[in-house]
Amino acid sequence: MIVIEEGVPAPLGAHFDGRGVNFALFSQNATAVDLCLFDPNERHERHVIRLPCRTDDVFHGYLHGLLPGQQYGYRVHGPWEPSHGHRFNPAKLVIDPYAREIAGRIRWNDSVYGFRRGLQRDDAIDRRDSAPSMPRGVVTRTDTPDFTPSQNARQLSETVIYEAHVKALTMTHPALSEAERGTYLGLAHPAIIDHLIKLGVTALELLPIQAFVDDRFLVEKGLVNFWGYQPYNYFAPEPRYLGDGGTGGLRFAIRELAAAGIETILDVVYNHTAEGGPTGPTLSFRGIDNYSYYKLKPESLREDVDCTGCGNTLDVANPRVMQMVLDSLRYWVRSYGVAGFRFDLATSLGRAPYDFWHRAAFFQALRQDPVLARVKLIAEPWDVGHGGYRLGGYPYGWSEWNDQFRDNLRGFWRGDHGMVGKLTQGLSGSREIFNPSGRAPQASINYAASHDGYTLADVVAYEQKHNHANGEENRDGHGHNLSRNYGVEGPTDDRAILSLRARQTRNMLATVFLAQGVPMLLMGDERGRSQGGNNNAYCQDNAVSWMDWAHDPDPELAAFVGNLSALRRRCPSLRRRHFLSGARVDGTELRDVHWLSPDGTEMDGAAWDDAGRQAFGMQIGNDIEGAQRVLVLMNAAETPCEFRLADAIGGPWRRVFDTTLAAGSVPPNTVPLVKEGGSVPVAPRSVLVLKAPPVPITDECGGTA
Numbered sequence: 001m002i003v004i005e006e007g008v009p010a011p012l013g014a015h016f017d018g019r020g021v022n023f024a025l026f027s028q029n030a031t032a033v034d035l036c037l038f039d040p041n042e043r044h045e046r047h048v049i050r051l052p053c054r055t056d057d058v059f060h061g062y063l064h065g066l067l068p069g070q071q072y073g074y075r076v077h078g079p080w081e082p083s084h085g086h087r088f089n090p091a092k093l094v095i096d097p098y099a100r101e102i103a104g105r106i107r108w109n110d111s112v113y114g115f116r117r118g119l120q121r122d123d124a125i126d127r128r129d130s131a132p133s134m135p136r137g138v139v140t141r142t143d144t145p146d147f148t149p150s151q152n153a154r155q156l157s158e159t160v161i162y163e164a165h166v167k168a169l170t171m172t173h174p175a176l177s178e179a180e181r182g183t184y185l186g187l188a189h190p191a192i193i194d195h196l197i198k199l200g201v202t203a204l205e206l207l208p209i210q211a212f213v214d215d216r217f218l219v220e221k222g223l224v225n226f227w228g229y230q231p232y233n234y235f236a237p238e239p240r241y242l243g244d245g246g247t248g249g250l251r252f253a254i255r256e257l258a259a260a261g262i263e264t265i266l267d268v269v270y271n272h273t274a275e276g277g278p279t280g281p282t283l284s285f286r287g288i289d290n291y292s293y294y295k296l297k298p299e300s301l302r303e304d305v306d307c308t309g310c311g312n313t314l315d316v317a318n319p320r321v322m323q324m325v326l327d328s329l330r331y332w333v334r335s336y337g338v339a340g341f342r343f344d345l346a347t348s349l350g351r352a353p354y355d356f357w358h359r360a361a362f363f364q365a366l367r368q369d370p371v372l373a374r375v376k377l378i379a380e381p382w383d384v385g386h387g388g389y390r391l392g393g394y395p396y397g398w399s400e401w402n403d404q405f406r407d408n409l410r411g412f413w414r415g416d417h418g419m420v421g422k423l424t425q426g427l428s429g430s431r432e433i434f435n436p437s438g439r440a441p442q443a444s445i446n447y448a449a450s451h452d453g454y455t456l457a458d459v460v461a462y463e464q465k466h467n468h469a470n471g472e473e474n475r476d477g478h479g480h481n482l483s484r485n486y487g488v489e490g491p492t493d494d495r496a497i498l499s500l501r502a503r504q505t506r507n508m509l510a511t512v513f514l515a516q517g518v519p520m521l522l523m524g525d526e527r528g529r530s531q532g533g534n535n536n537a538y539c540q541d542n543a544v545s546w547m548d549w550a551h552d553p554d555p556e557l558a559a560f561v562g563n564l565s566a567l568r569r570r571c572p573s574l575r576r577r578h579f580l581s582g583a584r585v586d587g588t589e590l591r592d593v594h595w596l597s598p599d600g601t602e603m604d605g606a607a608w609d610d611a612g613r614q615a616f617g618m619q620i621g622n623d624i625e626g627a628q629r630v631l632v633l634m635n636a637a638e639t640p641c642e643f644r645l646a647d648a649i650g651g652p653w654r655r656v657f658d659t660t661l662a663a664g665s666v667p668p669n670t671v672p673l674v675k676e677g678g679s680v681p682v683a684p685r686s687v688l689v690l691k692a693p694p695v696p697i698t699d700e701c702g703g704t705a
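Per the UniProt record's numbering, residue 1 is the first one in the sequence shown, and the count goes up by one each step.
One or more of the hints may lead you astray.
Under the rule of at most 27 Å between Cα atoms (straight-line distance), these lysine-lysine pairs were calculated in the DSSO-like manner [stated by the list, open to error]: (1) 691 / 675; (2) 422 / 691; (3) 198 / 691.
It is worth saying that the hints were derived from the structure and are not from the lab.
Generate the whole structure from the sequences, applying the supplied hints.
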């Protein structure tokens, strides 16, 4: 006979203290909670135990002698009143939101829904037991934090991000064993780490690895939720990537990456859960306390507020829900060693309660948290709700994915008119967007491609999306791709087209790395990875999404990216911590940035208003003591352009990078000097980078500083 003691209400979750396990579950509106204990591989629970105590809306109890490894879940009692926002159904096994590990996967059938499907309304409760179809939580050993964010963490100004997927990155690499492929442990393999080091990567940003589900509609079509943006637990690593290393494999991988100078950033999805809208399944939060965990429409509490396009919105404005999110973030930092987070659809986290506010309680809580205030915080600055697009609207301490930089970069290089002013804004750090909030250029995460959309190889090979494999008759995915196929849709053997595509790929990559802000590279863009024109490959767990390590259509492209990273490291003027403004540099006739026309003069109003302009120069570094000056010349036209280097910007200039070269860098023994007053040819559709010695700055006494 099992005897349960009162236990304590904190911390939440299942915690082993060496003698037994304390269970604590928050639910403001439940009337009772049953703890269910399972033996492995058994369909039904072996024991059902009523948690004996309730303290401040936390149900809790303590089981002496229970050990780590025990599988468990809950059945939560309360009113079934959808019209009042309550969807309690004790026939449904629910997963502990604080479970640190998950055993098993969801077996889709109608029993996992709280209501009787097939009826016109969702009022009728479904009494079938869902336990045989549900995963369970696993009791783990006591959390003993072994990692504290270092005050010496890499500065954002020194960061180069590589966005990747655990399985896609590791699945086909020949150096990895079969057991390592597609697993967390595979990330730690020297071959993977060496590849990242050669690219100059300093942060690996992983697509979601918090436990997630494969949507039922995908499973029924033989597909999966490959990207992982359907979470049902925020503490447990997704089990499908565990492999032989278990959760220890993930910890080991993060430590090995850190030892190589590469931080780990997690893409996290605190905006919604896999339970969807009112007609979705009951997996965890809905059955524990639907009214508390989700934003509900005040005029109709049976309906969820959907700011995410996924059926529901997590109510982070609720103090207990915010506590869960903050506890989760701290757990990943302190237990696993994560160095930062990218928040999916982050606008939803700042809705207080329904409209976005940059001073929302969630942002304030992060800023004062002694652990989380010291990690990297990156927002996807939009959701699909009213007023959801908030680029530039986040508070101090946050960086944001800059989709305007991406779109302006693509538009300029494909030859759109009127793009010079927009592109130069991005090159100088998007001051107009981020300076009003008191932030620096590092608030801008600059990229040409991300997981969401075309790969960079597809940006230069497709003008129409090709998403038929997703099973939605090519209706999914967005149509605003700003791409160009240069004469042939998709693969071609035409050498001229292939050469032009390779050049344009290099031009866009160079623009990302030469811009002020934080560069981000999509996995495989350094190897010409294509998804066959699929711009929404979220459900493709196959060669469409995996890195092809056996075939590299552009063998010198990885070296090109590595050389770009090295150039950025060598040039402080490319990693500024303050915005360029065009201000005069004391003691010189120079400015902190010169925007140049090909004739060598500074661009004036007429030049900026010239919508057909496709070539310009950017000269920076004049105000950084001891730093070499940098001159970037960009020509998106189909014809060559001669740039005159006016006396005003000094010299002599040495060529150091050229996108007409496969690897970008100019060999040291072939670097001609271009003196001031001279000129330099810039090839069609290319980027040329020149460097010059530091300019001597005269002090107030007439000497040089």
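Taking only the CA atoms, is the gap from residue 691 to residue 675 under or equal to 27 Å? At roughly 11 Å apart (the allowed maximum being 27 Å), residue 675 and residue 691 satisfy the hint.
Verify the proposed pairing of residue 198 with residue 691, using a straight-line Cα cut of 27 Å. Holds: residue 198 and residue 691 sit about 23 Å apart, inside 27 Å.
Agreement of residue 422 and residue 691 with the hint, judged by alpha carbon distance not exceeding 27 Å: Distance of about 24 Å is within 27 Å: holds.
Figure legend: structure checked against the earlier numbered hints; every hint is met.
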